[in-house]
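As given, the protein sequences belong to chains A and B, one line each in that order. One point on numbering: in our numbering, the residue at position 69 of the first sequence is 69, and numbering is uninterrupted. Count along the second sequence from 1, then add 155; that gives the number in our numbering.
By construction, these hints were calculated from the structure, which means they are not laboratory data. Everything numeric in this text was worked out from a predicted model, so none of it was measured. Here a beta-carbon is modelled for each residue, glycine too, at the ideal position from N, C-alpha and C. Heads up, a few of these hints could be off.
Claimed, not checked - Over 10 Å on every C-beta distance to chain B, these chain A residues come out as not near it, computed from the model:
id: 1; residue: 23
id: 2; residue: 25
id: 3; residue: 40
id: 4; residue: 61
id: 5; residue: 75
id: 6; residue: 88
id: 7; residue: 111
To be verified - Computed, partial: chain B to chain A, Cβ under 10 Å:
id: 8; residue: 191
id: 9; residue: 199
id: 10; residue: 210
id: 11; residue: 214
id: 12; residue: 216
id: 13; residue: 217
id: 14; residue: 222
id: 15; residue: 246
id: 16; residue: 308
id: 17; residue: 309
id: 18; residue: 343
id: 19; residue: 345
id: 20; residue: 349
id: 21; residue: 353
Unchecked claim - Just so you have them, the derived chain B footprint on chain A, three or more residues with Cβ under 8 Å:
id: 22; stretch: 28-38
id: 23; stretch: 79-86
id: 24; stretch: 89-95
id: 25; stretch: 113-123
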Amino acid sequence: MTCGGKHGSLLQGRIGYAWGVTERAQVAERAAVAYEALAELAETVEDEWQYVTDLVDAYLPSIRALGTTPAGGAGSISPEAEAAVDESIAEIELIADPHKAIDWLSTFPHVIALALGGDVDAPAAAEEPGGAAATGDSPPEPDEYSPFRVLRGGR
Amino acid sequence: MRFQDAARDARAVVYAGIQADPLVARVASLLADATVGERWLARAVMNGERTDPAGWRRIFPTLLGVAAPAEARDHAEQLLAACLQVANRGEQARSSYRGAVVEDLTARLLARRSASVRRERRVLFDGVPAEIHPYDVTVEADGKPEVYDCKWGARGINADVLNQLDDARAHSADDDVALHVAIVVFDARRSCELRLSRSTARHDDTALVALEGIESLSKVGR
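Whenever a hint applies, use it, and build me the whole structure from the sequences.
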């Protein structure tokens with residue numbers, strides 16, 4: 001896997017903090033570290049190793065990107081948003097069942113995106129576009145995916 | 156091709172009891188009018204470890220916090236309460252409840268545009284052995300039949316499901332019937348696409364309806 005390791009990411013986050021990264025980036029990094037730990041649990045399901053790897057490769061950069069591409073251009077986030085991320089992290093840290101961990105590998109990034117504002121559905125900037133798209137109905141327009149649209153009142 | 160009620164084995168009888176639980180209908184009814192954010196709330200809560208509503212309110216402040224519009228917050232609170240009831244049924248039962256919720260939600264949304272929605276139906280073709288598993292939801296309108304398989308998560312997408320859907324579509328085409336086949340997954344489209352990208356089963360003509368766009372089921376034009 002390309003997770004990198006929990007301790008390495010923690011160190012990376014602390015170094016980043018020392019160089020003055022935004023509060024938003026710190027919070028996103030905490031989420032990314034928790035996501036990596038969740039992936040370590042999930043990958044113990046041998047039959048799903050490939051799927052777990054694919055999920056992590058897709059979503060981990062997107063979670064980190066939530067810290068570097070603030071929707072409003074501001075570096076700070078509200079106390080409520082930070083608490084939401086930390087509560088979400090606490091929730092996934094309770095998971096002991098690796099099968100449930102796989103379910104949360106798909107759910108957690110979107111919960112974090114709702115808290116921080118942003119999108120984890122598109123590849124992060126550093127990612128190569130890839131993965132076969134399912135055919136059939138056309139995917140909605142990007143703004144149709146956006147939690148922002150929903151939170152602005154769209155049902 | 157023709158539709159037929161599925162024969163009920165012991166498992167189906169037990170599952171029918173869950174499908175008929177008013178809690179399933181309540182969650183599905185709330186989800187039918189939910190925002191995408193509320194759908195993520197429902198997925199998280201019904202997959203969650205904690206059953207304390209205060210914790211979930213802190214995780215979803217934009218939906219359940221004091222800053223959320225009152226009407227929207229009330230709807231989200233109702234959804235939270237219903238989903239927590241599912242979560243409180245325990246690990247074994249909640250899995251069945253979640254599946255039943257996705258099926259009920261799918262049927263409700265389809266019923267907004269068609270009066271021909273049915274549940275647990277098989278599709279039969281002359282000279283072709285019948286599939287063992289029924290389709291979760293069907294639309295049996297003349298000339299425009301549709302079949303849907305419903306999954307709680309992207310992990311439910313597997314070769315057996317995809318093959319059954321595509322076989323039904325291909326056999327229908329042999330009968331000059333354009334059968335619309337789709338898989339409805341209450342999970343992220345991106346995760347579903349990752350799952351599908353690794354599948355060797357044919358799915359080019361199988362539609363994917365994921366959590367973010369599930370309301371599209373109620374729209375005419377598929």
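>> Using the nearest Cβ pair, does residue 214(B) come within less than 10 Å of chain A?
In response: Hint on residue 214(B): holds, closest Cβ of chain A at ~5 Å, below 10 Å.
>> Hint residue 217(B) vs chain A: min CB-CB distance below 10 Å?
In response: Since the shortest Cβ distance to chain A is 5 Å, the answer is holds.
>> Using the nearest Cβ pair, does residue 309(B) come within less than 10 Å of chain A?
In response: Given a least distance of 6 Å, the restraint on residue 309(B) holds.
>> Count the residues of the stretch 89-95 of chain A whose Cβ falls closer than 8 Å to any Cβ of chain B, and tell me whether that reaches three.
In response: holds (count 4)
> At a threshold of 10 Å, is the proposed contact between residue 343(B) and chain A supported by beta-carbon distances?
Replying inline: 5 Å, holds
> Under a C-beta cut-off of less than 8 Å, do 3 or more residues of the stretch 28-38 of chain A approach chain B closely enough to confirm the stated coverage?
Replying inline: With 0 residues close enough to chain B, the hint is violated.
> Going by Cβ atoms only, is residue 345(B) closer than 10 Å to chain A?
Replying inline: Where the cut-off is 10 Å and the nearest Cβ of chain A is about 5 Å from residue 345(B), the hint holds.
>> Just to be careful: measuring from the Cβ of residue 210(B) to every Cβ in chain A, is the smallest value less than 10 Å?
In response: Hint on residue 210(B): holds, closest Cβ of chain A at ~6 Å, below 10 Å.
> Is the nearest CB of chain B more than 10 Å from the CB of residue 23(A)?
Replying inline: 17 Å, holds
> Does residue 216(B) meet its interface restraint, that is, does its C-beta lie within less than 10 Å of any C-beta in chain A?
Replying inline: 4 Å, holds
> Are all C-beta atoms of chain B more than 10 Å from that of residue 111(A)?
Replying inline: 6 Å, violated
> Can we confirm that no CB of chain B comes within 10 Å of the CB of residue 25(A)?
Replying inline: Per Cβ check, residue 25(A) is outside 10 Å of chain B; nearest 20 Å; holds.
In this structure, the hints that do not hold are numbers 6, 7 and 22, in rising order.
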